[in-house]
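Line by line, the protein sequences are chains A and B. The numbering used here numbers the first residue of the first sequence as 16 and each following residue consecutively. The numbering used here numbers the first residue of the second sequence as 353 and each following residue consecutively.
The hints are simulated quantities; they were obtained by calculation from the structure and are not laboratory data. These numbers come from a predicted model, not from an experiment. Take these hints with a grain of salt, some might be off.
Stated by the list, open to error - Computed cross-link-like contacts, DSBU-like style, restricted to lysine-lysine with a CA-CA straight-line distance of at most 30 Å: (1) B:Lys553 <-> A:Lys139; (2) A:Lys139 <-> B:Lys480; (3) A:Lys139 <-> B:Lys562; (4) B:Lys457 <-> B:Lys562; (5) B:Lys562 <-> A:Lys101; (6) A:Lys96 <-> B:Lys480; (7) A:Lys112 <-> B:Lys457; (8) B:Lys556 <-> A:Lys112.
Stated by the list, open to error - Residues from chain B shown here face chain A by an in silico Cβ test under 7 Å; the list is partial: (9) Leu411; (10) Ile413; (11) Asn537; (12) Phe538; (13) Ile573; (14) Arg576.
Stated by the list, open to error - A short list of chain B residues far from chain A (calculated; beta carbon distances all over 12 Å): (15) Asn451; (16) Gln477; (17) Ala484; (18) Arg493; (19) Thr510; (20) Lys518.
Heads up, the beta-carbon is just placed ideally off N, CA and C, and yes, glycines get one too.
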Amino acid sequence: MGEDETIETIKEIGKRIERLAKDPLESSTFFEFLYDAEKKELVPLTHIHETYDELIVKFDLPCVRREDIDIKCTDEILTIKARMTKGCRLTPFHSSKELEFERYRKSIRLPVLVDTDNAVATFKNGVLEIRLPKRSHGSEVKME
Amino acid sequence: MTRTEIDIVQLKKIDAKAPSILVGLPDVGLVGAIAVSYCIDKLGMEEVGYIDSVKFPPLLIIKESVVKNAVRIYGKDNLIAIISDLPFPPFIMNYFFKNLVSWIKTLNPRVVIGITGLATHDRIQISKPEVAGIATTMDAREILDQAGVRLLSNGIFTGVYAGLIKECSIQNIPSITLFAESYLNFPDPAASLEALAITSKILKVSIDLKQLEEEAERIKINMRELMLLTQQAFERTQKLERTSQAMYR
Chain A
16 MGEDETIETI KEIGKRIERL AKDPLESSTF FEFLYDAEKK ELVPLTHIHE
66 TYDELIVKFD LPCVRREDID IKCTDEILTI KARMTKGCRL TPFHSSKELE
116 FERYRKSIRL PVLVDTDNAV ATFKNGVLEI RLPKRSHGSE VKME
Chain B
353 MTRTEIDIVQ LKKIDAKAPS ILVGLPDVGL VGAIAVSYCI DKLGMEEVGY
403 IDSVKFPPLL IIKESVVKNA VRIYGKDNLI AIISDLPFPP FIMNYFFKNL
453 VSWIKTLNPR VVIGITGLAT HDRIQISKPE VAGIATTMDA REILDQAGVR
503 LLSNGIFTGV YAGLIKECSI QNIPSITLFA ESYLNFPDPA ASLEALAITS
553 KILKVSIDLK QLEEEAERIK INMRELMLLT QQAFERTQKL ERTSQAMYR
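With the hints as constraints, model all of the structure from the sequences given.
Here is the structure:
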């Protein structure tokens, strides 16, 4: 490994430690915390996208029916729980044995204040999309 | 054996004449990784080699109790497939593709076919993902035309396939890359299916896609970890979703 690559790797590790210290909920997406074997829960893959007036959060939920999804949102935390149609067995990378999972669960800390009353969720082909309008765009700044 | 930065090891002799070469690497929606892996399985392709590098992370894959290298080469008749279970760190891409394409050149290929996803922000609203393509030579462009694939005329691409296309272009290798509309960081077997339907036309080989459709949800669950590792690679290559049709026309 060259000097530049070593510096890049050290910077990457530094950034991850910062994220972990700042917010364990957020940092879990950057590590391999994709399952909780004891609770038989998978942590879904998640994608967060922010536009000018909305926060769009997507969860990948294969093997789930619309009616088995439970969504809760507070000012700060969005939590989804979903029961799988049938138990799924898989051997995760870091496990030596096959494990069984029955549901998904994930909480994420929202990066902005949102209007939970006007949130809209869509579920299509195993993907849940939640659109959360931002609560405020702040005050106007006058130009002198 | 002396180890170099990239070692392409042939386990069996490759007799293919003017082969078509499929490349499925972890990238947007794992579209190529899923498609090429499915193709290898369905066509009963045989492992004929692997690619290793001192710069790869120390990673081995265990499949049915057999230890495999992360980047493998398969072959059958005049078709060769290259797949990887390892997202490539950006610093290795130039070395990797320079060596890989030089090796491919020695096989005198008919065409190199890369399969990947085109990250599309409103993918949830799309029931049948469109497949578009780009080509590095006029011959390769004609292959796309004959398969009825729309050419992408403008856009910016980063990541592994950009490395492959660039090197094929430099070495004047006929190459096409199929981009299926896809989720950026969720495995997208439906996009792989559409890309494979086109690939089947290009190769003039029948590929039964029924199982891919039926097992899409199981594939999505099984590919979660590779997707997460690939997401981490995206962070380093600034991979973005397409948010406007104007970006890719």
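Status of each hint after checking the structure:
no.: 1; hint: B:Lys553 <-> A:Lys139; verdict: holds, 29 Å
no.: 2; hint: A:Lys139 <-> B:Lys480; verdict: holds, 13 Å
no.: 3; hint: A:Lys139 <-> B:Lys562; verdict: holds, 20 Å
no.: 4; hint: B:Lys457 <-> B:Lys562; verdict: violated, 34 Å
no.: 5; hint: B:Lys562 <-> A:Lys101; verdict: holds, 21 Å
no.: 6; hint: A:Lys96 <-> B:Lys480; verdict: holds, 28 Å
no.: 7; hint: A:Lys112 <-> B:Lys457; verdict: violated, 42 Å
no.: 8; hint: B:Lys556 <-> A:Lys112; verdict: violated, 41 Å
no.: 9; hint: Leu411; verdict: violated, 10 Å
no.: 10; hint: Ile413; verdict: violated, 10 Å
no.: 11; hint: Asn537; verdict: holds, 6 Å
no.: 12; hint: Phe538; verdict: holds, 4 Å
no.: 13; hint: Ile573; verdict: holds, 5 Å
no.: 14; hint: Arg576; verdict: holds, 6 Å
no.: 15; hint: Asn451; verdict: holds, 18 Å
no.: 16; hint: Gln477; verdict: violated, 8 Å
no.: 17; hint: Ala484; verdict: holds, 21 Å
no.: 18; hint: Arg493; verdict: holds, 33 Å
no.: 19; hint: Thr510; verdict: holds, 16 Å
no.: 20; hint: Lys518; verdict: holds, 21 Å
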